[in-house]
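A.B. asks: Spelled out from the first residue to the last, the chains are:
2 protein chains.
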Amino acid sequence: MKKNNTQNNDPIGIFDSGLGGITVAKALMKLMPHEDLVYFGDTARVPYGTKSRESIVRFSVENAEILMKHKVKIIVVACNSSSSCSLETLQAQFPVPVIGVISPGARQAAAATMNNRIGVIATSATVNSGAYDKFVHVFAPQAKVFSQACPLFVPLVEEGWSGKKIALDIANEYLKNLKKYKVDTLVLGCTHYPLLKNILRQAMGAKVKLVDSAEEVVWEVKRVLQEKALIKDGRAKGKYEFLVSDRPQSFEKIAQRFLGDKIKIKLVNTK
Amino acid sequence: MKKNNTQNNDPIGIFDSGLGGITVAKALMKLMPHEDLVYFGDTARVPYGTKSRESIVRFSVENAEILMKHKVKIIVVACNSSSSCSLETLQAQFPVPVIGVISPGARQAAAATMNNRIGVIATSATVNSGAYDKFVHVFAPQAKVFSQACPLFVPLVEEGWSGKKIALDIANEYLKNLKKYKVDTLVLGCTHYPLLKNILRQAMGAKVKLVDSAEEVVWEVKRVLQEKALIKDGRAKGKYEFLVSDRPQSFEKIAQRFLGDKIKIKLVNTK
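Protein chains in written order, with our numbering: chain H, 9 to 279; chain C, 9 to 279.
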């Protein structure tokens, strides 16, 4: 791959398997309102969390290539499944810093736990990768990590049923083992899960700390940009570009759910 | 596209967005045990039912091209979302007969209803296409069709929760309007739904007839093969080839759920 001339006034690139990563984009806009952003959601191939490691790596490399065409200065992998399977490949293959959501979430969980028992809820791909276990142990070698895949949470959020009794029933079913293991900290290891926070709090009890990886990663992005002298010049408000590989059936409804307000989204062709 | 020399000893081609269409493959094996089959499941891009019409058409054309490389004599579109969005395009573009699941299911529903009130449950793509409404009216112009998208049913089946109380709660939520409309016939307009038959019967009541499109399409395939003199010679047992574009995380478990027994499945590269 050709060396990219990274420049501090180039945009921050973010990709996700779909629209969930918009929560990361929003957090970045809030923390660094002057930075330009290019977001790519691979809505044609969403979800990633049920697919194989090999496919997730291949999709992630293609997504990063799309962002590189937009001359991004840093790549933020907003998707947990993609971060947990492809981060090392992306870091080896692309000439800009690549930041995933796993390490920031794991560090925050390690800092938050008092009893060294940490729960992680995520997709099957993320759970099977063992990435959270690995990174939690970097920051808290003595901690025990209990993971639970929750494949129904993403469609539940996209259906707009986060507030229904059924959502609580499903959460209780998935979380019963984590409650039994007495975790005092729960990592929301998928960008959709923060939209289930109320339900998760009800299911786990008010004392369990919820760690939102999407919230944590933006601090890591800021730290890396500062360290590498990549902060944008001037005080002009950032420009935002949102790209997707498909406009799914319920696109407007789902985008609205994540964004809260209207943003113009462009369709791009992928493989 | 080059004209294909179709021959009666070539295999039957079947594609689906994922593994749900294996139910169609199994029904074909039972009805015509001498025929060879090539099945392709686009597991890398599954599901289709939430995606746009344009993407579904593009994916379907690519899937049909994969089957044509295996010299199939007929293409069976086992996926309802794909049948409802792309059948006309495929029929125009490929030199072999292309059969979808919508028309056979609609015909069966039109024959089964006594009160001319037919319910259809399907993905968002299928419901939005209006394909069942259109085909039911071909066979029963006076019938009323009531459609309901049920996006949580597919992940529910893939999670293996078809027998749980939560599945019944979700079914009751989705079906409450169809019950109110007093449909006497319900089309299961997605290849995953037959695995929820018990739950659907409980939710709708024993008097409502359930129409399984996957069961109906195989009769249409046989009829077309006979009509076009494409029935395989001899009495040797058919050979089966199963291809997928990804081996998802829970692949073995899901394949097992649909097949009931072990079949060797090969990974092929798609875009």
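A portion of the hints provided could be inaccurate.
Note that the list lumps identical chains together, so a pair holds whenever it fits in one copy or between two copies.
Claimed, not checked - Here are the simulated lysine-lysine pairs, BS3-like style, with alpha carbons at most 25 Å apart:
| no. | residue 1 | residue 2 |
| --- | --- | --- |
| 1 | K261 | K184 |
| 2 | K38 | K187 |
| 3 | K172 | K187 |
| 4 | K215 | K240 |
| 5 | K172 | K184 |
| 6 | K245 | K152 |
| 7 | K38 | K142 |
| 8 | K173 | K240 |
| 9 | K205 | K173 |
| 10 | K172 | K261 |
| 11 | K173 | K188 |
| 12 | K173 | K184 |
| 13 | K236 | K38 |
| 14 | K152 | K240 |
| 15 | K77 | K172 |
Note that these hints are calculated values from the structure, not bench results. Just so we're clear, the structure is a prediction, and the values are computed from it rather than from any experiment.
A.B. asks: Each hint should be assessed against the structure and marked as holding or not.
C.D. replies: Here is what the structure says about each hint:
no.	hint	result
1	K261 - K184	between (31 Å within a copy, 22 Å between copies)
2	K38 - K187	neither (34 Å within a copy, 47 Å between copies)
3	K172 - K187	both (21 Å within a copy, 21 Å between copies)
4	K215 - K240	neither (40 Å within a copy, 67 Å between copies)
5	K172 - K184	both (19 Å within a copy, 15 Å between copies)
6	K245 - K152	neither (43 Å within a copy, 54 Å between copies)
7	K38 - K142	neither (30 Å within a copy, 49 Å between copies)
8	K173 - K240	neither (46 Å within a copy, 54 Å between copies)
9	K205 - K173	both (14 Å within a copy, 23 Å between copies)
10	K172 - K261	within (17 Å within a copy, 29 Å between copies)
11	K173 - K188	both (22 Å within a copy, 22 Å between copies)
12	K173 - K184	both (16 Å within a copy, 16 Å between copies)
13	K236 - K38	within (21 Å within a copy, 65 Å between copies)
14	K152 - K240	neither (40 Å within a copy, 60 Å between copies)
15	K77 - K172	neither (42 Å within a copy, 47 Å between copies)
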